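> Spelled out, the chains give:
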Amino acid sequence: MIVAEQKPLAEIIEMVSPYGKLLILGCGTCVKTCFAGGEEEVAILASLLRLAFKKKGIDIEISELTIERQCENEFIQEASLAVSRNDAVLSLACGAGVQDVARRFTGKPVLPGLNTTFVGVMESRGLFTEECLCCGDCRLGLTGGVCVLARCAKKLSNGPCGGSRNGKCEVNPDSDCAWQLVIDRMKNLGTLDKLREYTPPRDWRSSNSGGPRKILREDMVI
Amino acid sequence: MIPQGVSKLEKKLESGRFAVTAELGPPRGADKDAIITRASLLKGCVDAVNVTDNQTAIVRMSSIAACVHILKTGLEPVMQMTTRDRNRIALQSDLLGAYSLGIRNILCLSGDHQVFGSQPDALGVFDIDSIQFVRSVRDMKETGRDMSGYELAIAPDMFVGAAANPFADPFEYRIIRLAKKIEAGARFIQTQCIFNTERFREWMRLAREEGLTEKVFILGGITPLKSAGMARYMAAKVAGMDIPEHIIRRMEGVPRVKAADEGMKIALETINELLECPGISGIHIMAIENEQAVGRLVEAAGLMPDARAGQEGN
Chain R
33 MIVAEQKPLA
43 EIIEMVSPYG
53 KLLILGCGTC
63 VKTCFAGGEE
73 EVAILASLLR
83 LAFKKKGIDI
93 EISELTIERQ
103 CENEFIQEAS
113 LAVSRNDAVL
123 SLACGAGVQD
133 VARRFTGKPV
143 LPGLNTTFVG
153 VMESRGLFTE
163 ECLCCGDCRL
173 GLTGGVCVLA
183 RCAKKLSNGP
193 CGGSRNGKCE
203 VNPDSDCAWQ
213 LVIDRMKNLG
223 TLDKLREYTP
233 PRDWRSSNSG
243 GPRKILREDM
253 VI
Chain L
90 MIPQGVSKLE
100 KKLESGRFAV
110 TAELGPPRGA
120 DKDAIITRAS
130 LLKGCVDAVN
140 VTDNQTAIVR
150 MSSIAACVHI
160 LKTGLEPVMQ
170 MTTRDRNRIA
180 LQSDLLGAYS
190 LGIRNILCLS
200 GDHQVFGSQP
210 DALGVFDIDS
220 IQFVRSVRDM
230 KETGRDMSGY
240 ELAIAPDMFV
250 GAAANPFADP
260 FEYRIIRLAK
270 KIEAGARFIQ
280 TQCIFNTERF
290 REWMRLAREE
300 GLTEKVFILG
310 GITPLKSAGM
320 ARYMAAKVAG
330 MDIPEHIIRR
340 MEGVPRVKAA
350 DEGMKIALET
360 INELLECPGI
370 SGIHIMAIEN
380 EQAVGRLVEA
390 AGLMPDARAG
400 QEGN
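Sequences listed follow chains R and L, in order.
Counting from 33, one number per residue, gives the positions in the first sequence under my numbering.
Counting from 90, one number per residue, gives the positions in the second sequence under my numbering.
Quick caveat, the hints were computed from the structure, so don't treat them as lab data.
Fair warning: this is a prediction, and the values are worked out from it, not measured in the lab.
Watch out, some of these pointers could steer you wrong.
Claimed, not checked - These stretches of chain R come out as covered by chain L in the derived footprint (C-beta under 8 angstroms, 3 or more residues):
#1 131 to 143
#2 157 to 169
To be verified - Which residues of chain L face chain R? A few of them, derived with a C-beta cut under 10 angstroms, are:
#3 G213
#4 Y239
#5 K270
For every residue, glycine included, the Cβ atom is placed at its ideal position computed from N, Cα and C.
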């Protein structure tokens with residue numbers, strides 16, 4: 033899923049303060065799962081903002097709405113009426129959702145309430161970890177199902193650097209060394225010898241380095 | 090037979106004589122005299138001076154420029170180059186430039202991660218890794234073409250080296266990685282500072298077993314400790330460093346004024362072990378900001394006249 037976290041309240045307050053009527057728009061898919069932008073987070077943030085502005089003696093009207101997904105027009109349309117009644121939208125979606133909502137409501141300021149952080153998993157309740165950089169050229173088959181691009185701090189393709197210690201990464205001792213995970217797993221699978229093979233440089237054109245990417249599924253176009 | 094080689098260092102190693110190199114970090118400023126003064130302390134006692142490339146991710150004078158200043162003093166530089174700060178376009182371009190300026194030795198590294206430096210907010214490039222970089226330098230020399238396949242009017246012919254850390258984990262993979270670096274084209278290997286000699290001996294045994302010492306010149310890393318504090322700091326804070334407890338206790342066991350002497354003694358003992366170790370071709374001294382110590386250490390190890398003779402011979 034796409035993992036995000038809410039921006040600091042002070043930053044949000046500053047962003048929304050020019051507007052008298054604000055819609056906080058939640059997103060019910062990825063960011064709901066990572067406790068950043070679902071109905072509950074919308075309600076809590078709305079209360080916090082109302083309180084903060086009341087303390088400052090500023091009048092602000094805040095409405096709340098959460099739609100299934102902010103990255104699909106079909107769902108975004110459900111917010112049309114609420115959007116039209118407000119001066120601005122504070123979107124609690126990922127960066128894609130914020131932009132898609134902005135695209136549909138050209139005359140309305142759409143502000144980001146979250147920092148979109150990574151594509152990852154919920155390793156355990158409340159703990160999210162980055163797993164994928166969306167490089168567009170998946171090589172997980174070569175490294176025992178562990179992504180060294182997303183999980184090695186130096187993006188090394190040919191084995192661990194000299195900073196791997198006791199299974200941890202020198203850059204952040206709270207993080208596992210991705211290559212240690214690769215080696216452990218390939219040892220278990222009996223394929224450690226595969227790691228003797230040279231991995232050539234990547235073609236970064238498949239990644240965002242080649243400019244924004246597009247996928248056109250002709251078979252799905254109506 | 091006259092040893093073949095593109096640099097004095099390569100010739101020396103090819104001749105089978107024990108080589109001595111020393112590290113020199115360029116200044117945090119544009120002061121060329123600083124580097125010339127410090128390099129002159131190494132003159133006559135080393136075969137080559139290894140010039141770091143923004144080590145520990147702190148901005149310093151570029152490795153290429155510092156190498157040129159060193160060349161002018163008559164010393165031979167080994168240019169370090171990291172993949173942390175340059176994509177493949179910049180790496181190849183700098184390689185062409187360095188060769189055109191007379192630099193003949195290169196040490197290809199991934200580099201210390203930028204979060205350890207003075208500008209942790211910088212973007213790390215890491216377009217290619219150190220092994221891919223070694224291979225591209227080798228391929229450029231062998232094919233006369235750059236990474237795109239474009240034929241170069243003059244292709245750099247460099248003596249290519251890489252680093253190895255025998256003390257990092259996972260230990261069983263360290264030899265595979267060394268083999269990959271050699272396979273990619275590394276002709277010499279510089280190791281991390283050796284304090285844990287037991288582990289180093291085991292790594293060397295595995296390297297010999299794999300036949301790797303037949304294919305590459307290994308230079309053992311030596312750092313004379315200056316104080317117990319330095320030993321403790323390096324053990325705790327420097328990435329990839331392995332300083333056993335008994336070495337720290339030894340440094341703590343002598344009066345503060347005698348600590349540097351004790352550090353030199355430990356370094357000498359390690360050098361003597363390396364001289365006896367089959368498959369070791371030389372040493373690389375990393376006397377951090379302490380170039381004066383290099384001459385004393387090389388002299389005490391009895392390596393001075395040989396190094397001098399080597400330079401006169403060329």
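> Look at each hint and say if it fits the structure.
Now for the hints, and whether the structure bears them out:
no.: 1; hint: 131 to 143; result: violated (count 0)
no.: 2; hint: 157 to 169; result: violated (count 0)
no.: 3; hint: G213; result: 7 angstroms, holds
no.: 4; hint: Y239; result: 16 angstroms, violated
no.: 5; hint: K270; result: 9 angstroms, holds
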